[in-house]
Amino acid sequence: MKAQDFRYERPSTMDEALAILADTDQEAQPLAGGQSLMPMMNFRLAAPDVLVDLGGVPELSGICEDNGEIVIGAMTRYRDLMASEMVARDVPLLAAALPHIAHPAIRNRGTLGGSLALSDPAAESPAVLLALGGSVDLRSASGQRSVAADEFFFGLYETARQPEELITAVRLPKAAPGHRFGFYEITRRHGDYAMIGVAVAQAPDWRIAFFSVAGTPLRATDAEAVLNADASDIDAAVAALASLEIDGDRHGDPAMKRHLAGVALRRAIGGMS
Amino acid sequence: MSQTQDITVTINGETIHATVPVRQNLADFLRNGQGLTGTHVGCEHGVCGACTLLMDDQTVRSCLTLAVQADGASITTIEGLGARPDTKALKAAFTNRNALQCGYCTPGMLASALEYIESGAPADRTAIREHLSGNYCRCTGYQSIVDAVCETIEGRQS
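Order-wise, the sequence lines are chains A and B. The letter at position 195 of the first sequence is residue 195 when you use my numbering, and the numbering goes up by one with no holes. All you need for my numbering is the position in the second sequence, starting with 1, plus 1000.
Keep in mind that the hints were calculated from the coordinates and are not lab data. None of the values given here were measured: they were computed from a predicted structure. Glycine included, C-beta positions come from ideal geometry on N, C-alpha and C. Take these hints with a grain of salt, some might be off.
To be verified - Below, a sample of chain B positions facing chain A; criterion: calculated Cβ distance under 8 Å:
hint	residue
1	Asn1012
2	Gly1046
3	Gln1058
4	Ser1112
5	Glu1115
6	Ser1133
Said to hold, decoys possible - Covered by chain A, per the in silico footprint, the following chain B stretches (three or more residues, Cβ under 8 Å):
hint	region
7	1100-1107
8	1119-1126
For reference, chain B alone in the conformation it holds in the complex:
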């Protein structure tokens, strides 16, 4: 029987109380405990970036974060990203540019892209590639993803 702990965590703006096994990672807690299956689990050791989400407005690997470590934190998953001002334009740019195919990497990719865009950084392709370097995409070859992020930043400035 796993040891458990009570946590209070804000998920996509809603504060909830839950009892979690201490060994459970944040991705599994969100997917299995909260039904938020938009957070995708890829490698489960922090390499692929599929499970990336925002914790207190910073990207983290939810497979390398325990649910108990999220106690007191504010979590934004793909289901809650729509509430952020740049998301609509970024999603539209992903569609325009065919920046996804199978969609498995997309929730994590959008979280990392939004962190870059929200920081006010420029539409610099090298810097965008560096910022997205921890998110693997096996469909697009990244070109279209970088295009979409650039398009969003340029639209933001105009």
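Isolated chain A (complex conformation):
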């Protein structure tokens, strides 16, 4: 239950961090909030040669508006997102999801960028990004790019991020008047990873992203099409979840999880505002 030895680096600028990651002779792992990586290192599921602590890079934190998007620095901690008036006003779906993420002591350290880099299939943030149709800014020593949410999640703990890249920021579209959002998750205990959860946006087209259903968050595109045609036909939207490729897990088999997906979707839509 103790981490294997590693070299510790604490760069003070993004360029320094990217230079360390660009040296591919050793496996370097960026350390954001550490609330998932440290347990994985304690269990020795992760054993990087070099740990690159991003806690000393101030340019990776902060929340601002840019051209109709709310841009959140990758190292912005959940605590600060919960305290942000801009997030509460302009990204209400994220604000609704934040209290469901773990517990206060974890939210004091955990970061949005770290969660997306890991992309735990049961985590809330990836589904919020997907439901909002946001994007992820990536940067390496040799360049930068932005990847849309629909192209970011590859598979279980696999994302578009390359080992030499850092997530620098997350871009989420600003909510406009008339847009509505809903979030619901089913957990055995508050703060646990969800048995199933869903983030829903009507902005104005519907986007529905389930989490804890498969290796990645999944969009329920058939249900979206139903609601785009008739927003009041929730029964048909739930029936359209039959096409969703849901994996069974320790919480239940695919049939049970599909049932829970329908329950979560009804409750999320019922609570939309």
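With chain A held as given, fit chain B onto it using these hints.
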């Protein structure tokens, strides 16, 4: 041989310099390096909350924080919580309400409870339960702990 690094950290108001293995977590550094064994280690993967302490006045899991990450920070462990204004009343309330039995979760529970109380939040049982949801107690069933936090907040306002 582990790689080491020099750190400067303020622990319960006293600034110290130490050389720590980079892989050592903050809980082990405090317990083994500093003799501050009031920080309890439970699950060592961030679930149980026993090792919760204050780093720069915010609760953190000391099992998920490396000692090197505390470089430049101010740490308050259970041994130093007594210097905070609400601690005396909170400890008395824990005693009055039988809010502990074996005591293993108590250092972490007090740190989380103090963070809630010091934020000025109300004596709202649901909000208190949510704030303490990351601290497991296997003895009390939590009712008495929530009672004690409420009692402290109500005493603070009167």
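Status of the hints after comparison with the structure:
Interface restraint check: B/Asn1012 against chain A, minimum CB-CB distance 19 Å, threshold 8 Å, status violated. Contact between B/Gly1046 and chain A, as hinted, is supported at the beta carbon level, the nearest pair being about 5 Å apart and thus within 8 Å. About 4 Å separates the beta-carbon of B/Gln1058 from the nearest beta-carbon of chain A, less than 8 Å, and the hint is met. Because the beta carbon of B/Ser1112 sits about 7 Å from the nearest beta carbon in chain A, less than 8 Å, this interface hint is met.
With its C-beta approaching chain A no nearer than about 7 Å, B/Glu1115 sits inside the 8 Å limit, and its interface hint holds. Given the 8 Å rule on beta carbons, the hint for B/Ser1133 holds: about 5 Å separates it from the nearest Cβ of chain A. With a cut-off of 8 Å between beta carbons, the region 1100-1107 of chain B has 0 residues touching chain A; three or more are needed, and the interface restraint is violated. Figure legend: the region 1119-1126 of chain B, annotated as covered by chain A; annotation inconsistent (0 residues with Cβ-Cβ distances under 8 Å, at least 3 required).
Figure legend: structure checked against the earlier numbered hints; hints not met, in rising order: 1, 7, 8.
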